[in-house]
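Novice: Here's the letter readout for the chains.
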Amino acid sequence: MAHFDKNAKPFSEQWLQDRLAVKTLRRVLAEEYWIPKDINFLWAMGMILAVTFGLLLVSGIFLLMYYKPDVALAFDSVNYTIMQEVGFGWLFRHIHGVAASVVFLIIYIHMFTGIYYGSYKQGREMIWISGMLLFVTFSAEAFSGYMLPWGQMSYWAGMVITNLFSAGSLELNGVVEWIRGDYVPGDAFLTRFFMLHVLLLPLAILGIIVLHFGSLRIPHVNNQEGAEIDFDAEAEKYLAGKTKEAKVIRFQFDFLSKDIMVLAWFLILFFYLVFYHFGFAMDPVNFDPADGLKTPAHIYPEWYFLWSYEILRPFPKDPGLIAFAFAQVIFVLLPFLDRSPNAIPAHKRGKPFFIWFWLLLIDMIILTAMGKLPPEGIFSTIGLWAAWGFIILWVALPFITKNEKVK
Amino acid sequence: MRELKILVVVIFFSLVTYWLVEPYAHSQMHKHVESEGFEYKNLPEVAKGDATAGEGLVMSNCIACHSIESKGMAAPMDAVTSSASYGVNPPDLSNAGAIYDAKFLAAFIKDPASASQVAHKFADGTKSHPMPGYAWMSEGDIANMVAYLQSIAKKDLTEKEVFVDACGRCHAARYDGKVIGEKWTQIGQKPKFKYEKDSLAFDIKVLEYQDNLKKYMGKLPPDLSIIIRARSHNFLETFIENPQTQLEGTAMPAVGLTKDSFHKVMQHLENIGDPSAKDRAAYGPWFLLYMVIFTILATLWKKSVWKKLH
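Which chain is which? The protein sequence lines are A and B, in order. With the numbering used here, the residue at position 101 of the first sequence is 101, and numbering never jumps. In short: position in the second sequence from 1, add 1000, done, that's the numbering used here.
Zero decoy hints are in this set.
Pairwise CB distance ranges, derived in the manner of DEER restraints:
hint	chain 1	residue 1	chain 2	residue 2	range
1	B	Gly1249	A	Glu125	55 to 65 Å
2	A	Asn173	B	Ser1232	32 to 42 Å
3	A	Ile299	B	Ser1232	11 to 21 Å
4	B	His1310	A	Pro375	47 to 57 Å
5	A	Val58	B	Pro1275	18 to 28 Å
6	B	Lys1307	A	Leu57	33 to 43 Å
7	A	Trp385	B	His1120	39 to 49 Å
8	A	Arg339	B	Leu1015	32 to 42 Å
9	B	Gly1181	A	Trp358	55 to 65 Å
10	B	Gly1218	A	Gly174	34 to 44 Å
11	A	Leu64	B	Leu1207	31 to 41 Å
12	A	Pro319	B	Tyr1018	24 to 34 Å
13	B	Lys1197	A	Trp178	39 to 49 Å
Below, simulated DSSO-like cross-link-like pairs (lysine-lysine); rule was C-alpha separation at most 30 Å, straight line:
hint	chain 1	residue 1	chain 2	residue 2
14	B	Lys1121	A	Lys294
15	A	Lys294	B	Lys1219
16	B	Lys1160	B	Lys1178
17	B	Lys1302	A	Lys244
18	A	Lys237	B	Lys1308
19	A	Lys68	B	Lys1183
20	B	Lys1121	B	Lys1205
21	A	Lys247	B	Lys1307
22	B	Lys1160	B	Lys1259
23	B	Lys1205	A	Lys294
24	A	Lys23	B	Lys1308
25	B	Lys1303	A	Lys23
26	A	Lys247	A	Lys237
27	A	Lys247	B	Lys1303
28	B	Lys1303	A	Lys237
29	B	Lys1005	B	Lys1303
30	A	Lys68	B	Lys1192
31	B	Lys1215	B	Lys1192
32	B	Lys1048	B	Lys1259
33	B	Lys1005	A	Lys405
34	B	Lys1103	B	Lys1127
35	A	Lys348	A	Lys405
36	B	Lys1215	B	Lys1183
No lab work stands behind these hints, which were simulated from the structure alone. No experiment lies behind these values; they were computed from the predicted model shown. Using N, Cα and C, we set each Cβ at its ideal position, and we do this for glycine too.
Extracted from the complex, chain B is given alone in its bound form (with noise of 0.2 Å):
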């Protein structure tokens, strides 16, 4: 009985220490953002747009800058002549009627730097946000080119073709390789090269890139590797939301993921950075199970010792 008072006692004062330094210390050293679910409430609604018209419309207004690869359109020029021209590689359109919103597109097309939440970078007017916005276009028009992106959209991306897309022009991650020396970089994926040199030249295209992506940006944006084990799963949503919401000034535009896409960049994250979740989940129960069976023998084995000694 005593002894259960003590223990007591001591999971008191240990669970106490533990509330203050752990979930309230930091509830105070953390700004809490509410996720709004990625439902862009703020955004005007779209209207049923009509692929068909949006077809002639994309293609007179969007493949001077952006490939369709799908459709057999290349990019003008190669990632790294583009990152001088525009600061980061417009992104392939083929799959963004999927990967993005479809509010959060229409508003993009209007007014990129507002929708974004980068206007701020362009206040001064010395810049401009690199895509020209459509204002001048119709609500129809612009309904009926979302329609299009819609209609020629992969339905089952898979979570790594988001993450390229939505994130991986600006942001490398260096543990996404099968083998040592492959990786994602800013320009694509690095393949395992035979000669030295390939791999160097291959480095120095990165490099070039990094630097017109720092002059735009402000600074490297961070290697996402492993991410996900340095910030909180409620940060990296409520950050790729709206990003001003958690870093007012940043220069990290929102990019506005769907809830579906959001969900395929974290399990993506989660698989380059904390692949061994999985194991974790698998192998805890059994840990779990050996040392209580382990305990309960222990304490038979304290009884039947202790019984000549009472």
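One chain only, chain A, in its complex shape (with noise of 0.2 Å):
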């Protein structure tokens, strides 16, 4: 034992600083963890995630005392006794439901804001792969939470999603077998998917989340010009009380009042979502119980899914794979891809990323649009071009990239 205040009272901010470093805490993660302060409102989306997560974590918890993994008793647990016994059992529901959708539109808005303003390299390469990570276990989450009320869509996704672990002409059925527990969905696969859910992807998440929060403290946060700051310059000016000319800003309370503005006024949006407009998050099919002896006229993931979906239906069985598994992976290269050594927005790069960057976000959304569409007639065509744009522009991004001038 060092330096050691035999006089502190007990559980006093010293006592607590000799033995749980409270004070240096504070001051490296909240009051002198810089941000720079020429930042706009999609800064704010990290803190929202943070917030919808914890809604899902706790009404999830509520959802949890009730819900029954079994397949005789999951779909009445969920529908009869959550939505209809539990005192706002329906509320904690839709708050699940709503947020489990809602929480994709801000990791896409996140992803984009991320690759618009080229916040994934000159040391931020982590911060950007461990997002990815992030949405790879959100995106596992979210699939194995869709299993658990046992309804049609429930039963058909997985389904056709355990299938895809065949391989195609590989015809690993054994494989798939394996994953279900089963020839088909039945009682092991609903267990294990709810054990997921439940405990290994939370855990998973929970872990990831502490890495990417960590990944950010050593390069900091990028800017909305993508200047380079001298962190350490710009603080002690605001140390000095040069709080309007520094350029950073601190994370506690500063940066935090415009994070909390940011998500007050998201929330007026989820509530409203949640109490008038929860269709797009409840898709009605999944309101019928689970029947292996009835497909759905429509199969389709949620919303969040349809793109690599499209990627995948359009190709004949092993291209389609392949070009799937391509999608799947592609998004985490990006930093490696990326040949510029430009970290700055898109507008300040020069065209041919920037229009690369229009392009991707249109030829996603086309692709989402076309997943959901049943792939008949100009529908498929449409989905076809776009799953080879969305490749093509993925292979051309490093050769669009590598000519571009120093700015």
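With the hints as a guide, dock the two chains, each given alone in a separate frame, to form the complex.
Specialist: See below:
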């Protein structure tokens, strides 16, 4: 024991500082965690995501108290016990269902913000990679959660997605059976997805969130102009009282006050959706109980998986699976596929990357729409072109960024 | 200003995506059928009949199979035996005059299979509709029977009474009960039994009835507990009005509900399948008001914190 204040009262600030370094932690993680001042509301998406995840966690805990993971009981435990018998059970389910859908809208806004402002390179690669890991784990979390009400779409989406693991012409049916624990989705399938949804995946998500936050601390958050900031010099200015001149602000409460303001605006929209406009997040088809003898007329994933589903669908079986696998991993590789040395906003990087960004966004929206529409006539033609567009855009990225001038 | 521009871009792309995957995609996936407002315009008008003359006709033609409990006439057979004979238990006629449209009733009495749009089920001639047609009867006599049925019907039926009569002999509703164990079955409300053997005996009767119903309909008609959330209002409206428009070849008959009975059926379906609709309407404004106040405070706080930064 080195420096140790023997006279500090138990649980006083000094006493806690000696034992848990609370003052140091607060300084490093909050008060002197410097954030650039030149940011816009898009920089608050991380906070919105953290809070939405919190809403999912809390509402999920309440749902977990009444949900029964058993093919004979699951549907009624959700639609009768939770929706009708438990006080405010319907509210928790609506919050959980709407948050699960809206969290992906915010994730996509967060991702495209990162791409637009070049926040994935020049020291920020691990932020991007840990973020994409979160995207993958959130996707798995959403999919496993969608199985739990054991409605028609749970069952048939489970059937279609697990079938992908037969790897096309390799016909690895044993793998599919191993994943399902049965020949078709059944009780073993439901209970293992239940375990994944309520334990393993949330644990992984919590861990990766810590990694994601940690990966931000050293390279610092990017800013609106991609300006290089000497954080130490600017921090000194701030601490010397020149807060108007300094290019940085404190995390607590300068940045937080703006975050919470944007969060509040978002929550108005969120609760409007929870009470008045939840159909997009709670598909009517899933209010029909699972029936292995009755295939729904249209099987489609939730909206946030549609773009990658549409990269799978328009091609023949094997090329489709390869394209699908490509779409799943390609975003992770973005920091290495973008060969430009510029970590600045797209509109400052010159035409090629700027056009690439908007084409990618529009292409993914087209893929999303075609992924839901029935694959017939003009829709399948558009879907096929959009899928090729996605692949071509990513293959072209290294070439169009290689010759970008240093700005 | 710049933030506002960015916000407009974000909202624009979010709304375009929403519009494409929700309203537009669903308009392409589901056939749109216009409701005819339960007016049965294609059926001929019924002359004003004489209820007193109708009474005798109903007594001599209908009660061999149908009960009229309000007049003290019990069903000749219990539900399970009836279903073994007819496929489905024939309805009690006490309130038929109020629940079903007069034009539809007249057309149904004349030719049940074609009025209920299920003639295709009997096209091969091996089976016929369990209710014989009364095409041999004069239009006037049929109008008199309809007038009699209308004269004895209760005027203010409850939502559940309409549901039970119009839907409940083919469709169960397991969420329709005040306590656990109670539910609507095709043979009636299952009460909460004190002894398990009574409960099981009831269940056996339901299963026997359902087996007969399956033979008649081709499959067991679905439980309607939360159909209100599984189908759109437009689908339920047009499907109930004429099932063939939404699902060609279905065994479900058109039942000839009046507009008022249709609304009662829908209200009952909402009561059993979406009781939180009332709570949502009650609590929604308070949640939003709370969030608006929170937003105003958060915005003022941000302004005060950032005063020293700009």
